[in-house]
Amino acid sequence: MKKISDTARISRSAKIGENVVVGHNVTIGDGCVIEEGVTISDNCIVYPNCEIGSNSFIGPFATIGEPTFPYYEKRDEFVFPTTRIGKKALVRSYSLIYSDVIIGDDFQCGHRVSIRERAQIGNNVRIGTVSDIQGYCSIGDYTRIHSNVHIGQKSSVAAFVWIFPYVVLTNDPTPPSDELYGVTVKSFSVIATGSILLPGITVNLDGFVGAHSLVKKDVPAETVVSGVPASEICNVRKLKNRKTGETCYPWRFYFDRGMPWEGLGYEVWEKAQASDKQGL
Amino acid sequence: MKKISDTARISRSAKIGENVVVGHNVTIGDGCVIEEGVTISDNCIVYPNCEIGSNSFIGPFATIGEPTFPYYEKRDEFVFPTTRIGKKALVRSYSLIYSDVIIGDDFQCGHRVSIRERAQIGNNVRIGTVSDIQGYCSIGDYTRIHSNVHIGQKSSVAAFVWIFPYVVLTNDPTPPSDELYGVTVKSFSVIATGSILLPGITVNLDGFVGAHSLVKKDVPAETVVSGVPASEICNVRKLKNRKTGETCYPWRFYFDRGMPWEGLGYEVWEKAQASDKQGL
Amino acid sequence: MKKISDTARISRSAKIGENVVVGHNVTIGDGCVIEEGVTISDNCIVYPNCEIGSNSFIGPFATIGEPTFPYYEKRDEFVFPTTRIGKKALVRSYSLIYSDVIIGDDFQCGHRVSIRERAQIGNNVRIGTVSDIQGYCSIGDYTRIHSNVHIGQKSSVAAFVWIFPYVVLTNDPTPPSDELYGVTVKSFSVIATGSILLPGITVNLDGFVGAHSLVKKDVPAETVVSGVPASEICNVRKLKNRKTGETCYPWRFYFDRGMPWEGLGYEVWEKAQASDKQGL
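Chains as they are written, first to last, in this note's numbering: chain A, 1 to 280; chain B, 1 to 280; chain C, 1 to 280.
Be careful, since some hints might not be right.
You can't tell identical chains apart in this list, so a pair holds if it fits in one copy or across any two.
What the hints assert, rightly or not - Here are the simulated DSS-like pairs of lysine-lysine, each with C-alpha atoms no more than 27 Å apart in a straight line: (1) K216 with K154; (2) K2 with K15; (3) K271 with K186; (4) K238 with K216; (5) K240 with K217; (6) K154 with K240; (7) K74 with K87; (8) K243 with K217; (9) K154 with K243; (10) K3 with K74; (11) K238 with K217; (12) K240 with K216; (13) K87 with K186; (14) K277 with K243; (15) K271 with K243; (16) K243 with K216; (17) K74 with K2; (18) K154 with K217; (19) K74 with K88.
In short, the hints are calculated from the structure, not lab data.
Please put together the full structure from these sequences, using the hints given.
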């Protein structure tokens, strides 16, 4: 059973799975594959060659598969690259995902998110309202990007990273130029609100960048940096919970909501992972 | 006399007042109450159980009553809470107001504003383009929030506050965590462009936060703070008008555009308020 | 040959040129002039009295000619001022251009850009996603404004300026007040990511503002400033390319992509310009 609005415009070459819902004034282009149980809400535009994984929800006014610049030069000749959104995605309203983006399963994003071409996004990633992923970058599994974050091209953000509002990852050391050096953020790092990371910087494992910092040098593992420009403050273990006074970093040992070790604890999960790998 | 477009989709259980205008491709859900003289512009989505006060104007592509997360878990069982926008609102295009938001009369907002659930907004509030009110917060009467401001959950912003572009009110002292401490901003305060207020901070009456500051400590009443981190600079009375050299803070004594004391002066109005209260 | 969707609503008084494409659910108001070869994509709203130059492309969900505040006071009496977008514009999706805006030829903007009334924008300008041009301002030819930039009212941005993400040009020295002093940015300047320029500041020819700065004083020509508050660091010629160690500023001598001197070099082009002027 499908529920397709009579004001939707669906290409004959699109494959529409079982139990798909397509709202009013929706366009679905040639060669799209809309898997079972997907909802495409009112007023969405899905350009050609998009694959949307089963049970995903695409909110109103969203755009999937936006064409890249060559489209505007020769529209008739433009071939839409494949865009893939995994299973159980929740793409909220007004969001915009370019063509040639690959997103894993269990993705969720806020409203008005922009994700440009050649972004590779892992499983279980969250991206907040108005954030702008400029493409040609990678974002690892379970990474949480809050509202209004700007991820410049060539950025490499690992798994299990937290990036808070108004953070910018830059890439051009001598702007304007054609030499881009992306920022690298390693796993379990935290970048607090309003910080700017200069081109080519690496934030190492369990690193912590305090709010409103300007990061000009690499952040060592397990280290808190802060300030304009940022300097090293202390080991992350010295940051304490405000109420209990207890250690709370590296956060992976103290926080589990939404993480694969939820209810287990990080150590237990990590050991299980390690033995799984040995088993393979 | 109503002007309802023939491409609008209006639930039979919605109550549509006199002189209401409903544009093309508008959806109005079950149980909505659209009071007299309201305009719902083209392409708006009004989810169930929204009340829109008389003579309000909802601009194109706006969404009112956006469902919260439980909707995506069990859509059939989701009951939309009441959303209320007061009289004479002006909600500009592309803005998004969640369900379970209460907004007073004479509200105005810019474009692409997002207001999440459990935001309580007073009368005569202004919120600028792209600002993001994260919900579970309160904003008092006559408060002005400029463009691209981020109000974190648990924030408490009093009446007659001015917040300028790219200000962020944070809430998590040890991110990521589940312990949120909101920022409190008391009446007549000013927070200038690009400042970040750390979790749990209070800005007291007539306080002033200079541009691009990082506020880590409470701001005393009538005090200017500035810097990264912010330190106390002077009493607000020492800030002078650039042209005349005259005192201009606390601003309530020197500025009245759009305020209830417009044309009267703050002192006169304040005395009248006080005697009104005595009268009661 | 025109391709006009049967769900478009086009005023009879609008002039639609040859080879114009008008998408689904588009509104085009009275007195509009849509020149030959223009595409107006699905779901766009073009208010009355807009002129869109030949071969321009207006992306989906865009709004052109948005009415200013007096419209909401007396809608029946509001006369839409002329809005003009030059030839070969590329206005990407969800962008919003107010009435009474004048934009030159070869304009390109990202998504969700807002441009308010009385903005005067030259030829060959680029404005990035989510940027907010507050109107009553001017932006010169070939200027590049990146994502999420805020240009306050009364700003004057010359030709060949580069402004990077999250920069704010402010205008009110004693907020809230009615005395606005715009920022002036002169040609060939660069303002790096996340900097805030205070009201009335001038950035002079070839000036460079480092990332995350708070600029409280004028920036002399050819000078690098940086910090909170910003202080003078060095002459721009001392900034070197990270890889080659070579001088790279003033950038006009070292970078030409998209500039009128592309392939020629700035000096050659500049001499040609000068002799052209003598010829006149």
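Hints versus structure:
| no. | hint | verdict |
| --- | --- | --- |
| 1 | K216 with K154 | within (17 Å within a copy, 33 Å between copies) |
| 2 | K2 with K15 | within (12 Å within a copy, 30 Å between copies) |
| 3 | K271 with K186 | within (20 Å within a copy, 49 Å between copies) |
| 4 | K238 with K216 | both (23 Å within a copy, 18 Å between copies) |
| 5 | K240 with K217 | both (25 Å within a copy, 17 Å between copies) |
| 6 | K154 with K240 | between (34 Å within a copy, 21 Å between copies) |
| 7 | K74 with K87 | between (33 Å within a copy, 17 Å between copies) |
| 8 | K243 with K217 | between (32 Å within a copy, 17 Å between copies) |
| 9 | K154 with K243 | between (39 Å within a copy, 17 Å between copies) |
| 10 | K3 with K74 | between (35 Å within a copy, 17 Å between copies) |
| 11 | K238 with K217 | both (21 Å within a copy, 20 Å between copies) |
| 12 | K240 with K216 | both (26 Å within a copy, 16 Å between copies) |
| 13 | K87 with K186 | within (26 Å within a copy, 45 Å between copies) |
| 14 | K277 with K243 | neither (39 Å within a copy, 40 Å between copies) |
| 15 | K271 with K243 | neither (30 Å within a copy, 42 Å between copies) |
| 16 | K243 with K216 | between (32 Å within a copy, 17 Å between copies) |
| 17 | K74 with K2 | between (36 Å within a copy, 18 Å between copies) |
| 18 | K154 with K217 | within (18 Å within a copy, 34 Å between copies) |
| 19 | K74 with K88 | between (35 Å within a copy, 13 Å between copies) |
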